[in-house]
Amino acid sequence: MIADDDEKWLAAATAAVKQNAFYMQRAIDSNNLKDALKFSAQMLGELRTSKLSPHKYYELYIRASDELRSLEMFFRDETARGCSIAELYELVQHAGNILPRLYLLCTIGSVYIKSKDVAAKDILKDLVEMCRAVQHPLRGLFLRSYLAQVTRDKLPSIGSELEGDTETHMDALEFVLQNFTEMNKLWVRMQHQGPTREKEKREKERNELRDLVGKNLHILGQLEGVDLVVYRDTVLPRILEQVVNCKDELAQCYLMDCIIQVFPDDFHLQTLDVLLGACPQLQPSVDIKTVLSGLMERLSNYAASSVEALPNFLQVDAFSKLNHAIGKVVEAQVDLPASSSVTLYLFLLKFTLHVHSDRLDYVDQVLGSCVSQLSATGKLCDDKASKQIVAFLSAPLEKFNDVVTILKLTNYPRVMEYLDHDTNKAMAIIIIQSILKNDTRIATADEVDALFELIKGLIKDFDGLTDNDEIDEEDFQEEQNSVARLVHFLYNDDPEEMPKIIFRIRKHILTGGPKRLPLTIPPLVFSALKLIRRMRGGDENPFGDDTSTPQKILQLLTETVEVLADASASELALRLYLQCAQAANDCELETVAYEFFTKAYLLYEEEISDSKAQVTALRLIIGTLQRMRVFNVENRDILTHKATGYSAKLLKKPDQCRAVYECAHLYWAEEGENLKDGERVVLCLKRAQKIADAVQKMANASRGASSTGSVSLYVELLNKYLYFLEKGNPQVTGETIQSLAELIRSETKKAESGAGTFITSTLRYMEFQRQQEDGGMSEKYQKIKMEWFE
Amino acid sequence: MVLVLALGDLHVPHRAADLPPKFKSMLVPGKIQHIICTGNLCIKEIHDYLKTICPDLHIVRGEFDEDARYPDTKTLTIGQFKLGLCHGHQVIPWGDLDSLAMLQRQLDVDILVTGHTHQFTAYKHEGGVVINPGSATGACSSINQDVNPSFVLMDIDGLRVVVYVYELIDGEVKVDKIDFKKASTSTSAP
Chain A
1 MIADDDEKWL AAATAAVKQN AFYMQRAIDS NNLKDALKFS AQMLGELRTS KLSPHKYYEL
61 YIRASDELRS LEMFFRDETA RGCSIAELYE LVQHAGNILP RLYLLCTIGS VYIKSKDVAA
121 KDILKDLVEM CRAVQHPLRG LFLRSYLAQV TRDKLPSIGS ELEGDTETHM DALEFVLQNF
181 TEMNKLWVRM QHQGPTREKE KREKERNELR DLVGKNLHIL GQLEGVDLVV YRDTVLPRIL
241 EQVVNCKDEL AQCYLMDCII QVFPDDFHLQ TLDVLLGACP QLQPSVDIKT VLSGLMERLS
301 NYAASSVEAL PNFLQVDAFS KLNHAIGKVV EAQVDLPASS SVTLYLFLLK FTLHVHSDRL
361 DYVDQVLGSC VSQLSATGKL CDDKASKQIV AFLSAPLEKF NDVVTILKLT NYPRVMEYLD
421 HDTNKAMAII IIQSILKNDT RIATADEVDA LFELIKGLIK DFDGLTDNDE IDEEDFQEEQ
481 NSVARLVHFL YNDDPEEMPK IIFRIRKHIL TGGPKRLPLT IPPLVFSALK LIRRMRGGDE
541 NPFGDDTSTP QKILQLLTET VEVLADASAS ELALRLYLQC AQAANDCELE TVAYEFFTKA
601 YLLYEEEISD SKAQVTALRL IIGTLQRMRV FNVENRDILT HKATGYSAKL LKKPDQCRAV
661 YECAHLYWAE EGENLKDGER VVLCLKRAQK IADAVQKMAN ASRGASSTGS VSLYVELLNK
721 YLYFLEKGNP QVTGETIQSL AELIRSETKK AESGAGTFIT STLRYMEFQR QQEDGGMSEK
781 YQKIKMEWFE
Chain B
1 MVLVLALGDL HVPHRAADLP PKFKSMLVPG KIQHIICTGN LCIKEIHDYL KTICPDLHIV
61 RGEFDEDARY PDTKTLTIGQ FKLGLCHGHQ VIPWGDLDSL AMLQRQLDVD ILVTGHTHQF
121 TAYKHEGGVV INPGSATGAC SSINQDVNPS FVLMDIDGLR VVVYVYELID GEVKVDKIDF
181 KKASTSTSAP
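Chains as they are written, first to last, in full-length UniProt numbering: chain A, 1 to 790; chain B, 1 to 190.
Calculated from the structure, these hints are not laboratory results.
Check before you lean on any hint, since a few could be wrong.
Stated by the list, open to error - Facing chain B, a subset of chain A residues (Cβ under 8 Å, in silico):
| hint | residue |
| --- | --- |
| 1 | 429 |
| 2 | 488 |
| 3 | 492 |
| 4 | 523 |
| 5 | 526 |
| 6 | 530 |
| 7 | 562 |
| 8 | 587 |
| 9 | 616 |
| 10 | 623 |
| 11 | 662 |
| 12 | 665 |
| 13 | 694 |
| 14 | 719 |
| 15 | 762 |
| 16 | 765 |
Glycine included, each C-beta is placed from N, C-alpha and C at the ideal position.
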């Protein structure tokens with residue numbers, strides 16, 4: 001197995017290194033230069049192997065270079081003892097094979113530099129040139145790595161004690177640049193070694209070695225004297241030259257990223273066009289977006305961390321450069337999938353939001369660039385791209401937390417056009433959630449229009465087609481409920497602006513179709529009713545705009561609720577008509593209120609056929625009518641008469657009975673003496689009692705079956721009589737109540753009524769009232785002669 | 001000590017977008033043993049939300065409730081107290097104390113919880129106690145224009161119930177409390 005062989009060879013080589021190192025050390029200890037050199041050369045000979053994988057070679061290299069440290073110290077000690085360096089330098093070159101020779105040369109070379117006998121520059125130049133002799137990629141890379149490592153502390157870098165003048169700095173710079181260039185060449189050459197089928201393996205191995213090359217850039221970053229000018233004029237161009245010319249995807253990708261990570265952010269800012277200019281020159285297969293996104297992310301963080309740097313961004317016009325660069329990349333790489341180009345714009349957008357959050361025009365520009373790009377590809381069917389666009393559109397939402405700001409971005413809706421239907425709706429929901437979560441107020445009619453434009457995927461059917469079976473019922477309801485909740489955030493205190501908002505909302509909602517209207521119209525109606533009540537409360541403005549009177553708005557509501565009635569949401573429509581009637585009542589608009597009641601009644605007659613629904617609807621009608629004060633006698637009579645009529649015609653007799661006795665309240669209102677018609681009240685109660693009699697008869701006939709209901713009806717009636725007795729209805733006499741009470745007693749004797757507790761509590765109440773100390777109540781109750789108490 | 005949350009008339013999404021955030025942060029799951037709701041939620045999402053606060057949820061039907069299966073009235077016993085629940089649009093005249101008293105006699109309960117007026121009330125009469133928790137969202141009502149969001153928490157302990165009312169006034173939650181005692185366990189009269 002290859003892996004096992006690898007291990008074996010490494011073990012063997014390591015053993016040899018160890019052994020030679022041992023002898024070398026012994027020679028060093030006895031100051032035996034000749035032997036030290038001999039054994040060190042032998043030891044380094046192990047590095048001549050071709051058998052090891054890069055990973056294993058590295059392990060060997062580490063061991064060997066470690067041992068060389070003691071050799072280096074020995075050389076230093078020797079020179080201190082008076083040995084001439086030049087001689088040493090000469091001596092090591094007698095080593096038999098070139099690789100050990102060069103390792104030794106580097107070792108002694110570094111001592112030489114430190115001695116300052118010869119100009120550092122000469123030695124460095126010498127060394128970096130001589131290493132050319134090793135053209136084998138793996139061995140060459142490690143050799144040069146050793147060179148870099150061993151000279152590192154002899155270069156004037158930040159924090160070292162070696163100062164120097166500009167010349168020294170430039171020499172050091174030149175040395176590192178050259179070493180870097182050669183190392184990169186070797187590294188790239190590895191790609192082409194060996195058969196094509198092992199390409200993947202080679203790339204993996206190359207990846208393992210990349211830091212050896214990258215190290216040089218780190219060293220450059222640490223060198224003294226590499227200021228902005230030097231970086232811009234020398235360092236960057238040289239590095240980029242090598243990067244571009246090597247035409248190797250792996251190298252380019254890694255090195256671009258390295259450059260971005262190693263050098264300071266303000267350098268990047270000032271050399272932005274150079275850096276960006278290199279991008280289109282790179283191999284097409286290079287993942288540019290990672291490079292650019294890395295750059296943009298660093299710059300964003302830079303802007304975030306230092307406020308003083310912000311003006312620099314504007315000064316170098318970083319934004320347009322990046323925008324332009326991305327445009328070029330996208331243009332050049334025709335096969336770039338939509339998701340990738342959107343990702344690029346996403347990073348640019350994030351950059352813009354970080355650095356230029358006050359420049360909405362920049363944000364809009366980025367959106368615009370994305371739109372142009374998407375217009376080339378058309379509507380997206382690609383899931384990945386859709387996800388990216390959602391992230392793209394969500395970024396400004398999350399940054400600003402204010403949909404009103406988003407509404408100012410003219411290109412925002414245009415980006416949304418490119419989403420497929422489902423994603424478009426999902427995005428609309430995200431926008432609504434933002435409003436709900438941040439309690440954002442949309443305060444003008446125009447903003448309402450802009451907002452509905454963004455969420456139109458939810459508001460109406462897509463391109464004339466209906467969603468049909470595709471959509472889940474529950475999901476649909478949740479969607480529309482979100483829209484309904486939204487309505488409460490479309491609001492302005494200004495009585496001039498708010499009616500306009502109402503009109504606009506209505507305009508949009510009415511495009512929704514019968515499935516949506518029952519969910520979206522109610523909040524609109526209630527918002528309008530709230531407005532009306534506020535208008536009523538405010539000062540009357542005789543010169544106000546015609547559209548903003550309560551009457552006009554109620555007119556609008558009539559037409560709106562009508563639409564609901566047509567969409568077979570009759571019960572809901574009836575309820576809304578009644579709500580509107582109450583509002584009209586509060587505004588003293590009698591005709592309007594009457595109109596609403598007419599519509600409600602017509603709906604009741606024509607559309608509400610389910611008996612249970614009728615009972616509830618009628619109860620609501622009676623309850624609403626009971627509170628109306630705006631009607632004149634005639635109108636009130638007509639409506640009351642109708643209501644009583646409906647009551648008597650309910651399907652089930654007990655329901656009839658109850659509805660009829662409730663109608664009694666229509667003839668009695670607390671405020672105003674003319675609203676109290678004692679006779680009519682009693683007529684109602686008597687009529688109800690007749691119905692209860694009929695129920696009782698049926699119950700007695702069919703002994704046992706549902707007989708409980710009817711006695712309860714009598715007790716309810718009794719309670720109603722007591723109610724009106726207390727209110728002072730002169731027509732409610734003690735006798736009426738007495739006879740009813742007796743009737744109850746006799747009926748309960750006949751059979752189990754089930755209304756026992758009700759009777760008990762009623763009687764207890766009556767007794768309580770009789771005992772009342774304030775004369776009025778007990779006086780009334782004294783009228784009732786009830787000798788029996790259970 | 002049994003905690004009962006009474007609330008209703010939320011009217012989501014017709015008249016309000018959601019409960020006030022300050023209320024939501026107070027209504028923590030696991031603290032309350034029962035919820036009684038006067039109705040008009042109006043949608044399933046609110047039902048589900050209430051269920052997360054406490055699984056023992058009792059609801060009666062309001063006239064705008066989406067789910068038509070809620071009953072018109074409900075009675076339940078908690079500790080020594082019999083509670084009755086009814087939205088209140090069925091009781092005419094709306095909000096009339098005497099008519100509500102009649103309903104209370106009919107249901108034979110110590111405490112009647114009812115809504116519809118969106119106005120908090122808690123009072124004692126011959127037949128027992130009537131509590132209206134108001135509107136938990138502050139939804140507008142045709143009966144009452146000036147609505148502050150409110151809900152009620154009842155602490156039932158033996159023969160005593162302490163009614164805490166929480167009202168959101170000008171952005172601050174204000175609490176008030178009222179004590180009620182019942183005389184004995186046998187009858188429902190105080």
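Hint check:
A hinted interface residue such as residue 429(A) counts as satisfied when its beta carbon comes closer than 8 Å to some beta carbon of chain B; here the least separation is about 14 Å, so the hint is violated. Because the closest C-beta pair between residue 488(A) and chain B is about 5 Å apart, less than 8 Å, the hint holds. Proximity of residue 492(A) to chain B is violated relative to the hint, the smallest CB-CB distance being about 16 Å (cut-off 8 Å). For residue 523(A), the interface hint holds, the least distance from its beta-carbon to any beta-carbon of chain B being 5 Å, beneath 8 Å.
Interface restraint check: residue 526(A) against chain B, minimum CB-CB distance 5 Å, threshold 8 Å, status holds. Taking 8 Å as the C-beta cut-off, the interface hint given for residue 530(A) holds, the closest approach to chain B being about 5 Å. The interface hint given for residue 562(A) is violated, since its Cβ lies 18 Å from the closest Cβ of chain B, which is over the 8 Å cut-off. Among the interface hints, the one on residue 587(A) is violated; its C-beta lies about 12 Å from the nearest C-beta in chain B, farther than the 8 Å criterion.
Because the beta carbon of residue 616(A) sits about 7 Å from the nearest beta carbon in chain B, less than 8 Å, this interface hint is met. The interface hint given for residue 623(A) is met, as the beta carbon of that residue sits about 5 Å from the closest beta carbon of chain B, less than 8 Å. Here the hint on residue 662(A) is kept, as its CB sits about 5 Å from the closest CB of chain B, short of 8 Å. Evaluation of the residue 665(A) hint against chain B yields a held restraint, the C-beta minimum of about 5 Å falling below 8 Å.
The restraint placing residue 694(A) at the interface with chain B is violated, with a minimum CB-CB distance near 21 Å, outside the 8 Å limit. Annotation: interface hint on residue 719(A) holds; nearest CB of chain B at approximately 4 Å, less than 8 Å. Hint on residue 762(A) holds. Least Cβ distance to chain B is approximately 6 Å, under the 8 Å limit. For residue 765(A), the suggested interface contact is upheld, since its CB lies about 6 Å from the closest CB of chain B, less than 8 Å.
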